[in-house]
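Okay, here's what each chain looks like letter by letter:
Number of protein chains: 2
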Amino acid sequence: MITEALLSKLLILENLRGVSEITVRELAWRTGIRENVLIHHIVDLQRTHLIEIGNNRVSWNIADNPSTLKPWGWRLEHKIVTGSVLDYVRGCGLWTVALSEYQMYGRGRHGRRWIGNLGGLWIALRLPLLPGNASYVSIAAPLIIVEILRRNYGINAWIKWPNDVVCNDKKLVGVLVEAEAYQDKIVANIGIGINVNNSPPLPNTTSLKKLMGRLIPRNSLLSLIIGWFGRIHKLLEDPKELLKKYMENMATLNRRVRAKTVAGEIEGIAIDVDEYGYLTVETPSGKKLIDPDTTLELRHLD
Amino acid sequence: MITEALLSKLLILENLRGVSEITVRELAWRTGIRENVLIHHIVDLQRTHLIEIGNNRVSWNIADNPSTLKPWGWRLEHKIVTGSVLDYVRGCGLWTVALSEYQMYGRGRHGRRWIGNLGGLWIALRLPLLPGNASYVSIAAPLIIVEILRRNYGINAWIKWPNDVVCNDKKLVGVLVEAEAYQDKIVANIGIGINVNNSPPLPNTTSLKKLMGRLIPRNSLLSLIIGWFGRIHKLLEDPKELLKKYMENMATLNRRVRAKTVAGEIEGIAIDVDEYGYLTVETPSGKKLIDPDTTLELRHLD
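Protein chains in written order, with my numbering: chain Z, 1 to 302; chain V, 1 to 302.
In case anyone wonders, no lab produced these hints; they're calculated from the structure. Computed from a predicted model, the values in this text were never measured in an experiment.
Far from chain V, some chain Z residues (derived; all Cβ distances over 12 Å):
| # | residue |
| --- | --- |
| 1 | Pro-128 |
| 2 | Gly-154 |
| 3 | Lys-234 |
| 4 | Asp-272 |
| 5 | Leu-301 |
If the Cβ cut is set under 7 Å, some of the chain Z residues that face chain V in the computed set are:
| # | residue |
| --- | --- |
| 6 | Thr-82 |
| 7 | Asp-87 |
| 8 | Met-104 |
For each residue, glycine too, the CB sits at the ideal point set by N, CA and C.
With these hints in hand, go ahead and build the complete structure from the sequences.
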C-alpha cells in the first residue's frame with residue numbers, strides 16, 4: 001500500500017510550485033484533499049521545505065522553490081517526481097539542470113540505491129565537454145561542492161575519495177558522473193545529491209539542516225552550483241591545478257583506509273591520487289593502486 | 001515507505017494521457033525510469049488499463065484514456081491523482097465532470113473510505129438543480145447506472161437500497177450525492193465509483209472486468225453516464241415515474257433485510273420505498289420506516 005502522506009505532499013508541491021501563494025481552500029480544491037488533512041500534510045512538509053502557512057494562505061518560499069529560479073544560459077527542469085533525475089536528464093538538451101523533489105529509483109555508484117527523499121537537492125546537469133577534459137569532471141564536481149559548502153556555508157566539508165563530500169566523516173553529498181560520446185563531443189551527465197533538509201535514512205550520513213540547525217533555502221545553493229558548472233571548462237583546462245586542489249581538500253589522504261574492491265579488500269595508508277583518480281595505498285606488502293571504478297566502498301579507519 | 005510501483009504507474013499515466021503514442025525510450029526519458037523497469041510497470045498497468053505496447057511504442061487506447069474525450073456541454077477534468085474526486089469537483093465550475101485515476105482519500109457514505117485503486121471509474125459530476133428536484137438525485141443516479149449497465153453492457157444490475165448498484169448481490173457501484181445551496185440554485189456534486197477494471201479489495205464486491213472476463217474500455221461508459229446526467233432534469237421532473245422505475249430495479253424489495261442504523265438493528269421484509277427514499281420494513285413488531293441517511297449498512301439475508 002502506498003503511503004498517502006508522501007503522495008499528498010508531492011501533490012501539494014506540484015500545486016504550489018507555479019503560484020506565489022494560494023488559499024488553503026483553493027489548494028484543497030485543486031488537490032481534492034480536505035482542508036484539515038491538507039493542513040496536517042503542509043505542517044509536515046515544513047520539516048523539509050520552506051513552506052509558509054498563515055492567514056489561510058500557503059506559499060512555497062521563493063528561496064526554496066526551484067521553479068522560481070531562471071538560471072542564465074541553462075534550462076531548469078523542476079520535476080516533482082522522477083525515477084532518477086540522472087536518468088531524466090539524459091533525455092534533455094545540453095545545458096539543462098534537472099531537479100527532482102523525490103526520486104523513486106535514485107542511483108548511486110555501482111548501481112546502488114541513492115535514497116532521494118523529500119527535502120534534499122537531487123539534481124543532474126547535462127553539458128558538453130571537450131573529449132580531453134571529460135575524465136576530470138569526477139574530480140572537479142566534488143571539489144566544486146566542497147568549495148561552495150566551505151565558502152558560502154561555513155561547513156567544514158572534505159572530499160572523501162573518490163567523489164563523496166563529507167563533514168566529520170559523515171556523508172553529505174554524493175556525485176555520480178556518466179558520459180556519452182555524442183558526435184565529436186562528450187556529453188557529461190552529472191548527478192549530484194545533497195542532503196539539505198531531508199533526513200538521510202542511512203548511518204554515517206548527515207545533512208545541512210542537521211549541521212546548521214535550521215532549514216536551508218535551496219535556491220542559493222543551487223544557483224552557486226549552476227554558476228560553477230557553467231564555468232567548469234576553465235577548471236578542466238588546468239588539470240594539474242585541479243588535481244592539486246582536489247588533494248588539498250581530501251579527507252582521505254594520509255589516513256588509514258580499507259577499500260573494498262571487486263578484487264578483494266586492501267588496507268593501508270592512502271598517500272596519493274593521480275590524474276586518473278587512482279588512489280595509491282601503502283600496505284605492508286607495498287604500494288597498491290586502487291581504481292575508483294572498481295572500488296565498492298572505502299572506509300576511513302582512523 | 002511508498003510503493004514505487006504505484007507511483008511509477010501514476011507517472012506513466014501522467015505522461016501517456018496527452019500523447020497518442022510515445023516510444024519506450026522517450027517515456028523513459030520523460031519519467032526518468034529506466035527502460036527495463038518501465039516496461040515491467042507498463043505490463044503491470046495492462047491489468048487495469050488499456051495500454052498498448054509493441055514495436056517499442058506505448059499508447060493508451062483512446063477508448064480508455066479519458067483525456068481524449070470531449071463531452072459536449074461539459075468540462076472534463078482528467079486527474080491522475082486526487083485526495084477524492086468528489087472533493088476535487090467542489091472547486092470546479094458547473095457542468096464539470098471530474099475523473100481521478102487514483103484517489104488517496106476516496107469517500108463513501110457516512111465518512112467511510114472508498115478505495116479508489118487503479119482501473120476503476122472514479123468520477124464526480126457538478127451540476128445545478130432546481131431546489132424542488134434536488135432530493136431525487138440520489139434516486140436517479142443509481143437508476144441511471146443500472147439502466148446503462150443493463151442496456152449497454154448486458155449486466156444483470158440492480159439497485160441495492162439506498163443507492164448502491166449490485167450484480168448477484170455483489171457491489172459494483174457506489175454513489176454519493178452532496179448538495180450545496182448556491183444563490184437560488186442547488187448545486188449537486190454527484191460522486192460515482194464504478195469497479196470497472198480495478199480489483200476491488202473488499203468482500204462482496206465485483207467489477208465489470210470480472211463479470212465480463214475482459215478489460216472494459218471506460219470512455220464509452222463514461223460518455224453514456226455524462227449523456228444521461230446531461231438530461232437528468234427530465235428524469236427529475238416526474239418523480240412518480242422515477243420512483244416507480246427505481247423500485248422496479250431494486251434488488252432489496254420483497255426480501256428479508258437487516259439494517260444497521262444509528263439507532264440499532266432492524267430485521268424484516270423490505271416492502272416499499274417512498275419519495276424521500278425511506279424504506280419500509282415489515283418486522284414482527286410492525287412496519288418500520290428506515291431513513292437512508294442514518295442507515296450504516298443494509299444486508300440482504302435471503
